[in-house]
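Between the sequences and the hints, there should be enough to build the whole structure, so can you do that?
Chains A and B are the protein sequences, given in the same order. Numbering (my numbering) for the first sequence: 1 to 295. Numbering (my numbering) for the second sequence: 1001 to 1419.
Don't read these hints as lab results, they were simulated from the structure. Glycine residues also receive a C-beta, built at the ideal position from the N, C-alpha and C atoms. Careful: at least some of the hints might be erroneous.
[Said to hold, decoys possible] Pair by pair, the computed Cβ-Cβ distance ranges are:
{"id": "1", "chain 1": "B", "residue 1": "Leu1321", "chain 2": "A", "residue 2": "Leu137", "range": "41 to 49 Å"}
{"id": "2", "chain 1": "B", "residue 1": "Val1232", "chain 2": "A", "residue 2": "Ile84", "range": "40 to 48 Å"}
{"id": "3", "chain 1": "A", "residue 1": "Leu137", "chain 2": "B", "residue 2": "Asp1196", "range": "43 to 51 Å"}
{"id": "4", "chain 1": "A", "residue 1": "Leu137", "chain 2": "B", "residue 2": "Leu1418", "range": "40 to 48 Å"}
{"id": "5", "chain 1": "B", "residue 1": "Ala1093", "chain 2": "A", "residue 2": "Thr128", "range": "43 to 51 Å"}
{"id": "6", "chain 1": "A", "residue 1": "Lys168", "chain 2": "B", "residue 2": "Lys1402", "range": "55 to 63 Å"}
[To be verified] In silico DSSO-like cross-links for lysine-lysine, where the CA-CA straight-line distance does not exceed 30 Å:
{"id": "7", "chain 1": "B", "residue 1": "Lys1057", "chain 2": "B", "residue 2": "Lys1373"}
{"id": "8", "chain 1": "A", "residue 1": "Lys58", "chain 2": "B", "residue 2": "Lys1405"}
{"id": "9", "chain 1": "A", "residue 1": "Lys58", "chain 2": "B", "residue 2": "Lys1330"}
[Unchecked claim] Partial selection, computed: residues in chain B whose CB lies under 8 Å from chain A:
{"id": "10", "residue": "Gly1070"}
{"id": "11", "residue": "Arg1109"}
{"id": "12", "residue": "Ala1142"}
{"id": "13", "residue": "Ser1208"}
{"id": "14", "residue": "Pro1297"}
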Amino acid sequence: MDFTVFLQQLINGLSLGAIYALIAVGYAMIYNILKFSNFSHGGVLGISAYAGYIAATKFNLSLIPVILVGMLTGAIVAVLVEIIAFRWIRIKHRQMVYYFVTSVTMLMLLEQILIILFGSSFVSYPYTLVKVRIIHLGSVTISVTYMLALVAAIIAFGALIYVLKKTKIGIAIRAASDDFIATSLMGINVNSVVVAAFIVSGLLGGLSGVLYGISASLSPQIGQVVVKGFIASVLGGLGNLTGVAISAVVLGVIEVFLISSIGSGLSPVVIFLLMVFFLLIRPQGFSGLNAEDKA
Amino acid sequence: MKKFKALIIAFVTLAFVITACGSVTETVTESPTEETISTPEEEATSEPITEETMAPKSEILIGNLQDESGPMKALSIACTYAATMQVEKINAAGGINGHPIKLITYDTRSDVNEAINAYHRLVEQDKVVAVFGPPIANIGIALAPVAEELKVPVVGLFMDDKCTIQENGEPWHYMYLVQNSAPVQGKIIAQFAIQDLKAKTAAILYNSQNSYSVGMAIPFEEVFTSGGGQIVAKETYTSTDKDFRPQLTKIKAANPDVIYFPSYPVEIPLIYTQAYELGITVPMLGSNSVLPTGLAPQTDPAATANTYFPYGINPTEPDSLAFAQEYKAKFGIEPVAQAFSGYDAFGVLVQAISACGEEITSECINQELNNVKDYQGFQGSITISPTTHQPVPLPMAIMTIKDGKAEFVKWYTPEGPLE
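What follows is the structure, encoded as structure tokens:
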């Protein structure tokens, strides 16, 4: 492969991986605390993407306000999902499978709400939202839309690390992720901690929804991209946010090189085989944390 | 525990109920379904009505299978609108041989199974005499053997050869296409690339899971290579893909003179935009689905600065302009090519029904569809070939996009420019 082509494909992969990273970290946030795979994150992402679309088309807002609308919507929907769907399971100390069933059901429910509101056809963000689209770097070009995702992922991830390490609520979230019951016994209000985690997850879901919606297009099934977040989380080790973020970027790069070498039909097959292989030989993922209970 | 199980069951049930509601809502709200238009006899109320004048002639029921809410809605709903216009005009003029027409529309959402079920329902429950089909090749292919069994003709815009021609070379006896087939369109744009753009090399990017896309890509390759050209890159994608940059990067590296991408409306803005973002400047050759999603607001005009595509009609001709004005006044949107060719297709069906006189049966309509000759439509003079159940190839307009607006370039046939 020509070096320029290699470099261009690498940039394509990194920018795609950046969006996957935003999705995967939002998804892994909840796994960190409640130890279940939150597929409803895809639904949150979808609703936020459409909220951003309405802000852009009906209210003619520019990019930053559109992103903020998406993030705010993501946070609200994520908290509503927690209160309506997951809180009862937690309070009643039900089995993990209830979380799994409920999260898949919520994803379907949110998708169907989008179908009712917008139909099952696709819509696109207006192209005017991101006007200058290319940055030339020698013989390679970088898409501004995807660059935005990369920058947004770095900023969001930096902010997340700061919140988790330096703020009280962040420390409480980390404590809860380590031992939920002990945290509760220490007098920390675990409901607030869980809500805070869902807010952070929703903010990331909203951000990734809008950015993915701009670079792709919107359909009610857009939330199914959360599967990429799930794969990245498995590869990265579900408990470690840095591992998850790095895995997501690597996944984007692998996907691009697979598509360019074996085609887009076979690429998902190889990626899923890779995931199964990883679960067999290294269930703890790259980072080596939280090996169990990947329901 | 019981309460909790009940809660889980309630969630699952709610999701399924909403799913079911979703489909019903789409069908009912978005389509001008069941066009029941009163007959002139019913409207004449002031005169005393005798038994003889009062008896209205029976309705002619025509099925309409379109994607009213799925990914092909933009093109498919244009067929519904075109059919609706025809139905209203025909009924206002007294119907076909005095029989009013009633259009019964079902939403297929581009789903093959939905389409097959709806066709069964139209034939077995609604008792339609003919069906107006969608501009979706996958659905046409699936309907062909079912129509062969139920013997109710389907007239539509499904462009793949497999929709109207069986593997043994015989036509599917109840399937009719009323626009150029995908292979004819692929050949026309290949000839344009060779003869007008003087292209020596080409790259093809197509959806390997979609008959429409494959049906154009292969004939393009055959004509282009037999004309002395070389295919330097041939990349595929799948129906769920949103990121085409890996394939476009490879194509760019192959340095073709032109890039052909016969794609569906949902993919078109993404391919244009991503090619532009990768710095691709060679002509992008599209399909007859480029409009409307290849224009703003979906696609940045900067990304379509160098593009050409075949189109069923020349939108700048007076007849087309008048139709466009009427269509826009009625539905509030600009008509796409499928509105014009859909109008033609429905017109061909109406002509076949008219030819049956008072014996309006599916068999008679099917027989008359084989006899359609020189039907004057927006696409030109349409003659249905009894051996292919497709039109004898029609010339197509080569279009381009300048400053975000579609412009006519010239007429082309599968052999070359129309003199």
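The hints, checked one at a time:
Checked against the given bound of 41 to 49 Å, the beta carbons of Leu1321/B and Leu137/A, roughly 47 Å apart, stay inside it. Taking 40 to 48 Å as the suggested C-beta distance range, the pair Val1232/B and Ile84/A does not conform, at roughly 55 Å. Remark: the range hint 43 to 51 Å for Leu137/A to Asp1196/B is contradicted by a beta-carbon distance near 35 Å. The hinted window of 40 to 48 Å between Leu137/A and Leu1418/B holds, with their beta carbons roughly 46 Å apart.
Between Ala1093/B and Thr128/A, the C-beta spacing of about 46 Å keeps the proposed range 43 to 51 Å intact. Hint check: Lys168/A to Lys1402/B, Cβ distance near 60 Å, so the stated range 55 to 63 Å holds. A C-alpha spacing of about 28 Å is found between Lys1057/B and Lys1373/B, which places the hinted pair at or below 30 Å, so the restraint holds. Proximity of Lys58/A to Lys1405/B is assessed by CA-CA distance (about 23 Å); at most 30 Å being required, the pair is judged to hold.
Proximity of Lys58/A to Lys1330/B is assessed by CA-CA distance (about 23 Å); at most 30 Å being required, the pair is judged to hold. Look at Gly1070/B: its Cβ gets to within about 5 Å of chain A, closer than 8 Å, so that hint holds up. The closest approach between the C-beta of Arg1109/B and any C-beta of chain A is roughly 6 Å, which is under the 8 Å cut-off, so the hint is satisfied. Among the interface hints, the one on Ala1142/B is violated; its C-beta lies about 19 Å from the nearest C-beta in chain A, farther than the 8 Å criterion.
Interface restraint check: Ser1208/B against chain A, minimum CB-CB distance 6 Å, threshold 8 Å, status holds. For Pro1297/B, the interface hint holds, since its Cβ comes within 8 Å of a Cβ in chain A; the closest pair sits about 4 Å apart.
The structure fails hints 2, 3 and 12 (numbered hints given earlier, in ascending order).
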